[in-house]
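**Student:** Sequence:
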Amino acid sequence: MALACLVIYTLMATLFNSFVKPIIVMSVIPFAFIGVFLTLLMHGLPLSMLVLIGLTGLMGVVVNNSILLVEAMDRLKHERPDLRFNARVIEAGRQRLRPIVLTSVTTFFGVAPLGYGIGGREPFLEHVALTFGWGLLFTAIVTLYLVPTMYVALNQIKGWIGQADT
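Just so we're aligned, residue 1 is where the sequence shown starts under this note's numbering, counting upward by one.
Just so you know, the hints here were simulated from the structure itself, not pulled from any lab data. As the structure is a prediction and not an experimental result, all values here were calculated from the model. The C-beta atom is built at its ideal place from N, Cα and C for all residues, glycine as well.
Straight-line C-alpha distance at most 20 Å; calculated SDA-like pairs for lysine to any residue:
#: 1; residue 1: 158; residue 2: 78
#: 2; residue 1: 77; residue 2: 155
#: 3; residue 1: 77; residue 2: 13
#: 4; residue 1: 77; residue 2: 152
#: 5; residue 1: 77; residue 2: 157
#: 6; residue 1: 77; residue 2: 150
#: 7; residue 1: 158; residue 2: 84
#: 8; residue 1: 77; residue 2: 20
#: 9; residue 1: 77; residue 2: 94
#: 10; residue 1: 77; residue 2: 15
#: 11; residue 1: 77; residue 2: 91
#: 12; residue 1: 158; residue 2: 27
#: 13; residue 1: 158; residue 2: 18
#: 14; residue 1: 77; residue 2: 163
#: 15; residue 1: 77; residue 2: 93
#: 16; residue 1: 77; residue 2: 17
#: 17; residue 1: 158; residue 2: 81
#: 18; residue 1: 158; residue 2: 75
#: 19; residue 1: 158; residue 2: 20
#: 20; residue 1: 77; residue 2: 16
#: 21; residue 1: 158; residue 2: 17
#: 22; residue 1: 77; residue 2: 159
#: 23; residue 1: 77; residue 2: 158
#: 24; residue 1: 158; residue 2: 19
#: 25; residue 1: 77; residue 2: 19
#: 26; residue 1: 158; residue 2: 13
#: 27; residue 1: 77; residue 2: 87
#: 28; residue 1: 158; residue 2: 86
#: 29; residue 1: 158; residue 2: 23
#: 30; residue 1: 77; residue 2: 144
#: 31; residue 1: 158; residue 2: 85
#: 32; residue 1: 77; residue 2: 97
#: 33; residue 1: 158; residue 2: 83
With beta-carbon atoms standing in for the labels, derived distance ranges:
#: 34; residue 1: 103; residue 2: 6; range: 22 to 32 Å
#: 35; residue 1: 20; residue 2: 47; range: 31 to 41 Å
#: 36; residue 1: 27; residue 2: 105; range: 18 to 28 Å
When you get a sec, could you build the whole thing from the sequences and use the hints?
**Tutor:** See the structure below:
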């Protein structure tokens with residue numbers, strides 16, 4: 001898993017042309033673990049290989065949501081240079097809020113019947129579905145707060161060295 005994270009970081013650093021933006025994007029991954037841990041506690045499930053499979057898929061979706069937010073902030077920098085930095089961050093969050101929330105909620109309701117055995121039980125997939133569904137709901141909320149916050153914090157740090165966006 002560490003090797004996969006390193007490869008993902010390297011690819012994003014190349015695509016973003018930045019060493020810091022991939023860290024912002026990947027900062028939500030620990031919260032995926034927290035969301036999964038809370039799911040396990042809520043449902044009284046043990047940590048298993050099936051849970052780790054669900055977590056792996058969850059990390060991909062969570063990173064994708066973060067990429068969409070960072071990309072929207074970067075895109076607005078070029079499309080709307082008249083907007084101040086904080087206004088661009090807020091606008092990007094506003095633009096991506098509905099797609100991220102709707103995708104997360106519909107995915108949750110799509111996997112919930114599988115996770116709760118509605119319409120038949122599949123023990124092999126229950127843990128994967130519960131992990132993925134609840135973890136996604138938790139991390140979607142975290143992503144919408146954490147990524148813009150870290151983006152602003154990065155800009156403030158850049159301001160201390162004289163390279164901040166305005």
